[in-house]
Each structure stands twice: as C-alpha cells, then as structure tokens.
Amino acid sequence: QVQLQESGPGLVKPSGTLSLTCDVSGVSITSNNWWIWVRQPPGKGLEWIGEIHHSGSTNYTPSLKSRVTISVDRSKNQFSLTLNSVTAADTAVYYCARDGAGVRAIPYWGQGTLVTVSS
Amino acid sequence: DIQMTQSPSSLSASVGDRVTITCRASQSIDRYLHWYQQKPGKAPKVLIYAASTLQSDVPSRFSGSGSGTDFTLTISNLQPEDFATYSCQQSYSTPRSFGQGTKVEIK
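For the protein sequence lines, the chains are A and B, in the order given. Heads up: the first sequence begins at 418 in the numbering used here, then just goes up one per residue. Heads up: the second sequence begins at 30 in the numbering used here, then just goes up one per residue.
Bound conformation, chain A alone (with noise of 0.2 Å):
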C-alpha cells in the first residue's frame, strides 16, 4: 500500500530555509499522480502549498509561488519541499500526500512533521 514518510530538520531560523522530503513506498513515484504539499499552522485550517507530477509539471499556492519549490527524485522515489525566507508564519505541520485517479481527492498523507520557525 502507498505509505509517506516526511523529513526535515524540526526548527529553521528567521531568514532561512526550509527543506522538507517525503520519502514513497508502496508504490513507484513516477506512478500517474501528483504529489502534494499540506501544511497547518497550529489551531488553524489546512493550506494546500503545491503538486507535482513525475514529469517535473508544478503547480503552486499563488501567495508562497516566489518562495517555494517542490522537486522530485525518481532514482529515490522521494519528492521534495524547499521554502525560503522563511517567518515565524511558516512554522506549521507540514504533510505530503499523494492524490487518487479521476476526481483527485487525497487518501494518501504522510503522519505530518512540525517544523517550527525559530531563533
């Protein structure tokens, strides 16, 4: 069964960057999904960051676009999250998943990683 797994440093400096990976199992990354970026700033909703298809096609959330870059690794089979300049705004738990076939709900998610953006 499809499975993500979610890595990174936990705390990021103000300024700097944030580099998350999701590692695939389960299933081969250059299967025909996107794979997707949530994040959820504590007590707050989800916010959709960004998908990306095995072929290198990205889409991004319009209001993180300059910031943020999601890239895939198909000799890993894992896809990647890079945020820059980040705030105490970016602190949140960060979740990738994997979209289903037609309609493109989302029943695959990684258990989520806090990163907290802290001096």
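Worth flagging that the hints you see were computed from the coordinates, not collected in a lab. A few of these clues could be false.
[Unchecked claim] One-sided and incomplete, this derived list gives chain B residues near chain A with beta-carbon spacing under 7 Å:
1) Ser57
2) Tyr61
3) Gly97
4) Ser116
5) Pro124
6) Arg125
7) Gln129
[What the hints assert, rightly or not] Chain B is nowhere near these chain A residues, computed Cβ spacing over 12 Å in every case:
8) Ser442
9) Ser472
10) Thr499
11) Thr508
C-beta atoms are modelled at their ideal positions from N, C-alpha and C, and glycine is treated no differently.
Since chain A is already given, all that's left is putting chain B on it; use the hints.
Relative to the frame of chain A, chain B by itself:
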C-alpha cells in the same frame, strides 16, 4: 483563486444527533469537492470524494451532497468517534484550496 467557506466554524452535538456542515465555493466547482475528517495530532482522512461518493471503509452514516457552489456533509446518528474537525477541499482548479474547517464537539 477559488475560496472555500465552511459553516459553522464549530458546533456542539450529542451522540445520536444528526449534524450538517456546509461548504460554499466562490465559483462553480462542478462536483470536485471532497470532505476530510481530522483528529488531533493525525493526518486528515478522506471521507467523501466527488461531492457524494463514500470512500471505502467509511461508515454509511456519513453522506455528502451538492454541486456547483453549495455542498453539504451530513453525519446521521453521531458516534463518539465522530468528534473531530471536518474540512472540505476543491480540486477543480489550482490552488486546490481547503475550507477553514468545522470542529464538532461533544455537547
């Protein structure tokens, strides 16, 4: 961008109650609307996709309806394990936005 607005933001209900949560899109999204349940410290879980299709292994007391801009999630016969936060999401266009969530609490 499409904005998703849920109501109410929170509600209190008792076991056995019927609960209705609404989600409105700022423009038509056809039936590209999905509902998620999230419990504290856990990842969201999809309950309903394409507005009204029940995800496998989800109890039949959950149901969804709507199309275009207005959607509803109904939980009939509320059970103790249903106390959680429910969020809608549209996948009609990017960014694939979520509603702000509705917290269902025990009365």
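Right, here's what the structure says about each hint:
1. Hint status for B:Ser57 relative to chain A: violated, with the closest Cβ pair at about 15 Å, above 7 Å.
2. For B:Tyr61, the interface hint holds, since its Cβ comes within 7 Å of a Cβ in chain A; the closest pair sits about 6 Å apart.
3. This hint is violated: B:Gly97 has a C-beta 15 Å from the nearest C-beta of chain A, more than the 7 Å allowed.
4. Hint status for B:Ser116 relative to chain A: holds, with the closest Cβ pair at about 6 Å, below 7 Å.
5. A hinted interface residue such as B:Pro124 counts as satisfied when its beta carbon comes closer than 7 Å to some beta carbon of chain A; here the least separation is about 4 Å, so the hint holds.
6. Hint status for B:Arg125: holds, given a least beta-carbon distance of 5 Å to chain A, under 7 Å.
7. Interface hint at B:Gln129: satisfied, since its Cβ lies 4 Å from the closest Cβ of chain A, which is below the 7 Å cut-off.
8. The Cβ of A:Ser442 lies farther than 12 Å from every Cβ of chain B, with a closest approach of about 16 Å, so its non-interface assignment holds.
9. Consistency note on A:Ser472: stated as away from chain B, and its beta-carbon is indeed over 12 Å from all of that chain's, at 16 Å minimum.
10. The non-interface label for A:Thr499 is consistent with chain B: the shortest C-beta to C-beta separation is roughly 18 Å, beyond 12 Å.
11. Every Cβ of chain B is farther than 12 Å from the Cβ of A:Thr508; the closest lies at roughly 16 Å, confirming the non-interface assignment.
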